[in-house]
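K.L.:
Residue strings, one per chain:
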Amino acid sequence: MSDDGRYAAQIAVVKQECESAEDEEIIKEFRRYEEEFLIPPEDALRSVVRKFQMASGQQVSTITSSSRTSFPEKKATKFSELDKDDKNVTIEVAVLSYIPKIQTVRGEERQIAYGRIEDSPWEGERERWDFTDWGDHAQNLTPGAVVRLEGVSVNFWNDRRSININRPSRVTVLKEGGPAVTQLSDEPVSIEVAGKQEGIVNIVARVLSKKDDSIVKRDGTGTLEVVRGRLADSSGTIGFISWRAFDNEVGSLIKIDRASIRRYRDTPEINISDSTKIEPYIDKSFASVEELNTSTRSKIADLRDGMRDVEITVQVENWQARTFTNADGEERTVRSGDVMDPSGRCRLTAWCDISPEAGSFLHLNGARIQFWQGSPDLVVDDPNQVIDLSDPPWDAIDPETHWVDVDLTTLVNGGSRRGIRTAGRVVAVRPDSGIVERCPECRRVLRDSACVDHGAQRGNEDLRVRFVIDDGVSNASLLLNKEATEAFIGMDQETVKAEVTKEGQAGFVAALRDRYLAHNLIVNGRALIDDQGAMIMADSTTIDPRTPEDAANEVIAKWGVIL
Amino acid sequence: MGGDSVIQQPIRRSRQSAIRLFAQEYADADLPEEGSGEYDPSFVITKLGAKVNRALVGGVIDRLERREHESGLSFTGHIRDPTGVHLFNVASFQPELHPDIEELLHRFEKGDRFLMLLVGRARWFETDDGGVFTSFRAEEFTVVDKDRYTHWLVDTAAATLRRLDAFEASMESDLTPAALEASGVPRDLVDGLILARGHYGEFDTENYRVGVLQGLSMALGSNAVIESAPAPEASGDQPTLAESVTEADDGGVASLESDPEKDVNEVILETILQRDEGSGVDYDTLVHACVMAGHQRETAEDAIDHLRDVDGAIIEPRFSFFQLLPE
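Order-wise, the sequence lines are chains G and B. The numbering of the first sequence is this note's numbering, which starts it at 1 and goes up by one. The numbering of the second sequence is this note's numbering, which starts it at 1 and goes up by one.
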């Protein structure tokens with residue numbers, strides 16, 4: 001019985017489905033699948049269960065087994081093809097989330113999980129359904145994965161349909177997702193792992209910071225007192241929000257059980273609620289606050305919308321103050337400027353009185369990140385968050401030449417960024433390139449002399465060019481504003497206008513296509529990344545100056561080609 | 001602004017990137033993957049695992065024809081790169097491209113030949129016996145100089161080397177996404193390689209390396225090759241139209257017998273009989289065979305048309321590929 005342990009989980013399932021089966025027979029069967037057919041026990045489970053059910057002729061002995069064996073397999077590609085009592089369904093889905101949960105089933109504590117899946121995972125209109133995993137398929141049902149579900153059933157309850165993934169159901173991974181959602185256990189996970197999950201986690205972490213905060217209730221019935229702060233371990237840091245008293249001091253090491261991870265914009269956050277258990281933890285080797293603090297500093301390239309409590313050092317490129325009257329009639333001043341670090345550029349906005357010199361270095365604590373014009377910008381609210389460094393952390397960066405090289409694929413798969421340089425070949429020249437008319441109120445491009453919001457308008461003429469650039473793997477829209485267009489095509493707005501008058505809009509676009517299609521463009525600018533792809537706003541654009549010989553020699557060197 | 005109507009896109013999907021590939025890799029591909037939903041992209045999967053929905057291809061213009069039919073005007077053409085011929089068309093529902101392609105047609109019909117680069121969407125045609133013929137529907141195209149074309153050759157050589165490298169890595173690996181990525185296959189090639197390896201039998205990757213070497217050596221200065229004919233050993237058993245064009249334009253076939261031994265019809269029928277391996281014999285091959293047998297190019301073209309349209313002895317199941325009329 002030495003294999004008993006290895007196959008214990010599967011044996012239990014087989015016996016649940018088929019009581020008369022002998023342990024030794026079951027083990028023999030799994031071993032045969034594993035050794036002769038090279039099918040691991042998890043994948044063999046369904047076949048083995050079916051084998052024993054048929055062998056014992058008990059196809060109608062229980063409701064579950066009768067339903068499973070008497071229903072023919074139904075293959076579906078869309079949830080909409082499923083009826084409310086379909087059983088033994090085969091369908092391919094994308095896993096969106098997987099949230100384990102302990103539930104008492106017939107007096108026994110069992111781990112189940114729920115989450116959401118989408119049909120048509122490969123392309124197309126997707127529909128989203130809930131699912132419940134009764135069979136502990138956590139290893140295969142990882143968020144982001146595309147899987148084939150076999151032997152699942154439709155659950156219809158309260159007018160809502162969902163999918164039950166049963167214990168003998170089979171889950172085949174077609175496309176790997178992220179890391180498996182950790183099994184619910186007492187084992188805590190690292191902050192890095194926790195940050196990629198959804199649902200309930202346990203972590204051990206040191207409290208880096210905390211402060212009381214209040215949240216105004218949406219219904220206007222008052223405020224909620226909360227505590228916000230930051231936790232760290234050697235793998236990283238994560239913000240937290242506690243909806244109840246949080247008495248642990250800054251610097252203390254704590255174990256947090258059953259906190260939930262929620263996402264605020266793009267940033268995960270630990271939520272501490274009444275069902276969360278927090279206790280002091282003792283681990284002499286756990287990194288100290290000082291050690292953890294050095295690892296919590298961010299780079300501009302890593303900033304994401306919604307982050308809080310960011311510690312970062314930046315070099316100031318310029319600084320302005322602007323006074324305006326807000327909706328309540330108050331006069332307020334906002335100060336802001338462009339800042340840089342070796343990884344990129346962003347803006348810094350201060351809702352407090354600071355006036356750093358251009359070229360100075362600032363160390364910011366507790367900054368928050370807000371999206372503005374599509375890129376993540378630093379915000380500070382209090383002069384105490386800002387330290388003017390006398391000791392430069394790096395050799396002064398020249399803002400004129402500070403563009404961080406990012407290849408198109410990395411750029412498209414990352415977050416919105418400023419101050420990047422990337423490259424790609426022109427694969428499309430958009431037909432609306434050239435002279436446009438903009439709404440004088442909102443600068444939006446007028447269609448048929450009318451603005452979507454402001455109606456018929458006498459527009460302001462502007463010049464812009466839109467390309468799609470592509471490196472063979474990834475692509476992005478490329479937008480050149482008037483200045484960037486004039487510099488790139490070597491024509492000013494008046495000349496373009498004359499050209500359009502002479503050759504027509506299509507003629508102008510055709511001329512652009514003849515000049516630029518398939519040329520490799522090197523673009524300095526900022527990138528706006530969202531679900532629909534990437535858009536690069538160019539500050540300046542040039543055609544790759546390499547000769548074909550240079551390019552060929554690079555390829556030959558890279559791939560070790562012998563001609 | 002011009003009168004361009006704004007097309008409301010139902011749902012914006014992320015755009016498919018333009019695969020760089022040589023003609024041979026695309027012509028060899030016979031594995032289409034059709035998207036299941038209405039707006040899903042479809043792909044042609046090549047032996048090296050490229051999933052082609054959109055591509056950036058290039059070559060010298062080889063054929064260009066206007067066709068008139070009930071639904072309007074369309075255009076069909078061939079461009080030839082160092083490895084073979086890409087077929088493309090401009091459909092009747094792309095009127096915005098018609099002025100430009102008409103201009104090229106005019107140049108082509110005057111005898112002008114030029115290098116083109118073209119961004120196209122993958123299309124394919126499946127014959128009843130299961131053959132798959134691949135082509136592109138043009139999206140954007142332009143005539144380019146040799147410098148821009150050579151950049152494309154280098155870029156395409158690099159992309160092909162990358163696929164060859166991934167393909168070789170896949171030979172040592174299990175065909176699962178995780179295993180392939182672990183053995184160094186770039187993420188964008190994983191799906192295509194799994195499908196390709198599951199569908200295509202064994203083949204010699206050296207065929208594809210030849211195009212790469214050609215592209216690179218052209219970029220390094222052996223440039224005479226590009227605008228005349230590709231080296232015969234590189235293009236395999238397919239003689240190139242460029243050769244016959246050059247010869248015909250020179251006023252005939254001075255070096256060949258002026259008195260052909262065989263009737264031109266016989267040459268055509270025999271060539272098809274010998275060379276057709278199920279997918280037909282391409283037009284250029286037939287013309288070339290006739291020229292080699294001492295016939296004028298025009299005679300050959302007329303004979304092909306006559307055999308197809310009048311005698312009915314041969315059929316053209318796919319544009320520019322000919323088969324004998326089945327018994």
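Hints should not be assumed to be uniformly reliable.
[Unchecked claim] Across the chosen pairs, the derived CB separations fall in these ranges:
#1 B:E181 to G:E118: 21 to 27 Å
#2 G:P393 to B:G184: 34 to 40 Å
#3 G:S80 to B:E316: 38 to 44 Å
[Unchecked claim] Chain G is nowhere near these chain B residues, computed Cβ spacing over 10 Å in every case:
#4 P32
#5 R54
#6 P99
#7 D100
#8 G111
#9 G131
#10 R137
#11 P186
#12 D188
#13 H199
#14 L269
Since the hints were derived computationally from the structure, they do not count as laboratory data. For glycine and all other residues, C-beta sits at the position ideal for the given N, C-alpha and C.
K.L.:
Determine for every hint whether it applies to the structure shown.
P.N.:
Hints and how they fare:
no.: 1; hint: B:E181 to G:E118: 21 to 27 Å; verdict: holds (23 Å)
no.: 2; hint: G:P393 to B:G184: 34 to 40 Å; verdict: holds (37 Å)
no.: 3; hint: G:S80 to B:E316: 38 to 44 Å; verdict: holds (43 Å)
no.: 4; hint: P32; verdict: holds (14 Å)
no.: 5; hint: R54; verdict: violated (8 Å)
no.: 6; hint: P99; verdict: violated (7 Å)
no.: 7; hint: D100; verdict: violated (6 Å)
no.: 8; hint: G111; verdict: holds (21 Å)
no.: 9; hint: G131; verdict: holds (26 Å)
no.: 10; hint: R137; verdict: holds (14 Å)
no.: 11; hint: P186; verdict: violated (7 Å)
no.: 12; hint: D188; verdict: violated (5 Å)
no.: 13; hint: H199; verdict: holds (16 Å)
no.: 14; hint: L269; verdict: holds (41 Å)
In this structure, the earlier hints numbered 5, 6, 7, 11, 12 are contradicted, and the remaining ones agree with it.
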